[in-house]
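There are 2 protein chains.
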Amino acid sequence: MLKYQQIAFEIEKYIEDNSLQQGEKLPVLETLMNQFEVSKSTITKSLELLEKKGVVFQVRGSGIFVRRHKRKGYMSLLSNQGFKSDLEDFHVTSKVIELELRKPTQEAADNLNLTLNDDVYYVKRVRYINGQTLCFEESYYNKSIVTYLNEEIVSESIFHYIREGLGLKVGFSDIFLHVDKLNKEEAEYLGLEAGAPKLYVETIFHLTNGQPFDFSKVTYNYQQSQFFIQATNHLL
Amino acid sequence: MLKYQQIAFEIEKYIEDNSLQQGEKLPVLETLMNQFEVSKSTITKSLELLEKKGVVFQVRGSGIFVRRHKRKGYMSLLSNQGFKSDLEDFHVTSKVIELELRKPTQEAADNLNLTLNDDVYYVKRVRYINGQTLCFEESYYNKSIVTYLNEEIVSESIFHYIREGLGLKVGFSDIFLHVDKLNKEEAEYLGLEAGAPKLYVETIFHLTNGQPFDFSKVTYNYQQSQFFIQATNHLL
Numbered sequence: 103m104l105k106y107q108q109i110a111f112e113i114e115k116y117i118e119d120n121s122l123q124q125g126e127k128l129p130v131l132e133t134l135m136n137q138f139e140v141s142k143s144t145i146t147k148s149l150e151l152l153e154k155k156g157v158v159f160q161v162r163g164s165g166i167f168v169r170r171h172k173r174k175g176y177m178s179l180l181s182n183q184g185f186k187s188d189l190e191d192f193h194v195t196s197k198v199i200e201l202e203l204r205k206p207t208q209e210a211a212d213n214l215n216l217t218l219n220d221d222v223y224y225v226k227r228v229r230y231i232n233g234q235t236l237c238f239e240e241s242y243y244n245k246s247i248v249t250y251l252n253e254e255i256v257s258e259s260i261f262h263y264i265r266e267g268l269g270l271k272v273g274f275s276d277i278f279l280h281v282d283k284l285n286k287e288e289a290e291y292l293g294l295e296a297g298a299p300k301l302y303v304e305t306i307f308h309l310t311n312g313q314p315f316d317f318s319k320v321t322y323n324y325q326q327s328q329f330f331i332q333a334t335n336h337l338l
Numbered sequence: 103m104l105k106y107q108q109i110a111f112e113i114e115k116y117i118e119d120n121s122l123q124q125g126e127k128l129p130v131l132e133t134l135m136n137q138f139e140v141s142k143s144t145i146t147k148s149l150e151l152l153e154k155k156g157v158v159f160q161v162r163g164s165g166i167f168v169r170r171h172k173r174k175g176y177m178s179l180l181s182n183q184g185f186k187s188d189l190e191d192f193h194v195t196s197k198v199i200e201l202e203l204r205k206p207t208q209e210a211a212d213n214l215n216l217t218l219n220d221d222v223y224y225v226k227r228v229r230y231i232n233g234q235t236l237c238f239e240e241s242y243y244n245k246s247i248v249t250y251l252n253e254e255i256v257s258e259s260i261f262h263y264i265r266e267g268l269g270l271k272v273g274f275s276d277i278f279l280h281v282d283k284l285n286k287e288e289a290e291y292l293g294l295e296a297g298a299p300k301l302y303v304e305t306i307f308h309l310t311n312g313q314p315f316d317f318s319k320v321t322y323n324y325q326q327s328q329f330f331i332q333a334t335n336h337l338l
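Chains A and B are the protein sequences, given in the same order.
Anchor point for the first sequence: position 217 equals 319 in this note's numbering, and the numbering is continuous, going up by one each time.
Anchor point for the second sequence: position 156 equals 258 in this note's numbering, and the numbering is continuous, going up by one each time.
Okay, chain A solo, but in the shape it has when bound (with noise of 0.2 Å):
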C-alpha cells in the first residue's frame, strides 16, 4: 500500500470511528498535513482518492466534509465481490455446487475475448446471508490469468485469493443489469419461487491492464439484497 493510500485508509477510519455525519466539515490541509506528517501533494492525493470512494467531498474554496450514505443494510453494487467491508455487520458464506476446469460458453468466450478452445474454471456457488440465500452465481475465469482454483478457495473470498494470492492487480469493470423472474434452477437454489423477481448482475472483471479475466453472473434473491450506489457528478 502506497503512503497515500495509507493515509486514506487512517482518514476514512478517522471519520468511521467519530462516527461523523455527512457534511461535517474535515480539518483543513494544512492540519492534515501536520497530524500525519506527510507533504501536501501526499495529503491531495489521500483526499482525492477518497472523493472518489465516496467518503468526501470536496467545495471549492470552502472544505473538505464528509459524505456517508445513511442506510443500514445496504450493500455496495459496485463492490459486490467484496461483501466484507460493506456487510461487517453480516455474515455471509458460500455453497460450492461446482468447480470445473472446462471450456467456454460461447457467451462466457466473447465476454472473455477467448476462443471456445482456451481453458476457464467454471465455478458455481449458492451465496447465504445470515443463514438466508443472497444469490446464485455462475463464474467463468480466464485459465491463463487465474492460473489456479480450488474448492477451498472458492468457497472464501476468490478475489482476495486473486489479488493476495495470484497478485494480481484488479481494475475497472462493465456491469450490466436487469430484473426479471426466476426460472425454475434459480427459484430452486434461492429457496423461492419460480416467476418471483429477481436481480440479475453480470459483470466482466478487468486487470488494470484491461485483460477482462472473469465474467460473472449473478441472481439475487430480491428478498435479502438493497444496494447502494454513490455516484460522483462526471457521471451525470
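If you are wondering where the hints come from, they were derived from the structure by calculation, not from laboratory data.
Given the structure is predicted, the values throughout are model-derived calculations rather than measurements.
Where hints are given, some of them may not hold.
Given that identical chains are not distinguished, each listed pair holds provided it fits within a single copy or across any two copies.
Simulated crosslink set (DSS-like; lysine-lysine; CA at most 27 Å straight-line) [to be verified]:
# : residue 1 : residue 2
1 : Lys-127   : Lys-245
2 : Lys-127   : Lys-271
3 : Lys-319   : Lys-155
4 : Lys-154   : Lys-283
5 : Lys-205   : Lys-142
6 : Lys-226   : Lys-205
7 : Lys-142   : Lys-154
8 : Lys-115   : Lys-105
Since the structure of chain A is already known, use the hints to place chain B on it.
Structure of chain B alone, referenced to chain A:
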C-alpha cells in the same frame, strides 16, 4: 466548458466517429498535444476525465486504450436523469400526472434535510420509451433551490432546465435500489400486472456544494430496462 473538457469531448467524438474498439490504443501524449495544440497538463486532465467517464483506460508505461461497453440497448444507471446521451437511439417522452407545490412527506424531508414546514415541488410522471412505459417516477425538489417549475418544464428534461435554466451545478448522488413486486398503482401506470417484478431506485441528488435538492423514487418496467454501469478500480 473548460478547455480540457472541450478536448475530452473531441477525443470521445473521435473514438465514436472512427468506431474504435475496446482495447485499441490511442496516439501517445505528444501526438495528442500537437493535434489539439494544447499543453501536456491540459491533455492529461482531458484523459483523466475520459478515464473517470469510462471512455478510456490508462496502463502505466504502456499507453491509453479505448474502453467501451459492447452492448446495445442498455441505459447508464448512473445518468438516469439524462436519458438523452444513452438513449440516442430511443425516443423518451413523459406524461405528467401531477405537479404541485406542497409540504414534503416525512421521508422526503429526511432525505432532503428539510423540515415538514419547508416547501417542495412534487412531480409525478410516467416516462415512455418507443411508445412503451419505461418508468413511473415521483420526485421532490427543494423549492429553496429549485425555485420554479411548471407543467411545460416537467414534461421535458427537468435536469436540463436545472442546469441550463437555473444555472445550478449538479454534483454527486446517492442511489439506493432493490427489486420487488409491483403494487396496484405502479402496475396500472406501467401497464403491467400487479405482482410483476420491478426495479425500484431511490436517488438523492446533491449540488456540488453538498446540498441535496432532489429526492426521486423511480419504478422501472422490468421489460424495458436494462442498465449498465462502468466501475473503475477504486470502487472495487
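Here is what the structure says about each hint:
1. Proximity of Lys-127 and Lys-245 under a CA criterion of 27 Å is satisfied inter-copy only: 25 Å between copies versus 47 Å inside one chain copy.
2. For the homomeric pair Lys-127 and Lys-271, the shortest alpha-carbon distance between copies (20 Å) is at most 27 Å, but the shortest distance inside one copy (33 Å) is not.
3. In this assembly of identical chains, Lys-319 and Lys-155 lie within 27 Å of each other by CA distance both inside one copy and across copies; the values are 25 Å within and 24 Å between.
4. In the homo-oligomer, the alpha carbons of Lys-154 and Lys-283 never lie at most 27 Å apart, since the shortest distance is 34 Å inside one protomer and 34 Å across protomers.
5. Taking CA atoms no more than 27 Å apart as the test, Lys-205 paired with Lys-142 passes in neither setting, with 51 Å inside one copy and 46 Å between copies.
6. Within a single copy, Lys-226 and Lys-205 get their C-alpha atoms as close as 15 Å, which meets the 27 Å cut-off; across copies the closest is 50 Å, which misses it.
7. Taking the shortest alpha-carbon separations for Lys-142 and Lys-154, both the intra-copy value of 18 Å and the inter-copy value of 23 Å come in at or below 27 Å.
8. When the C-alpha separation of Lys-115 and Lys-105 is checked against a cutoff of 27 Å, the pair qualifies only within one copy, where the shortest distance is 15 Å, while the shortest distance between copies is 37 Å.
Hint violations for this structure: numbers 4, 5, all remaining hints satisfied.
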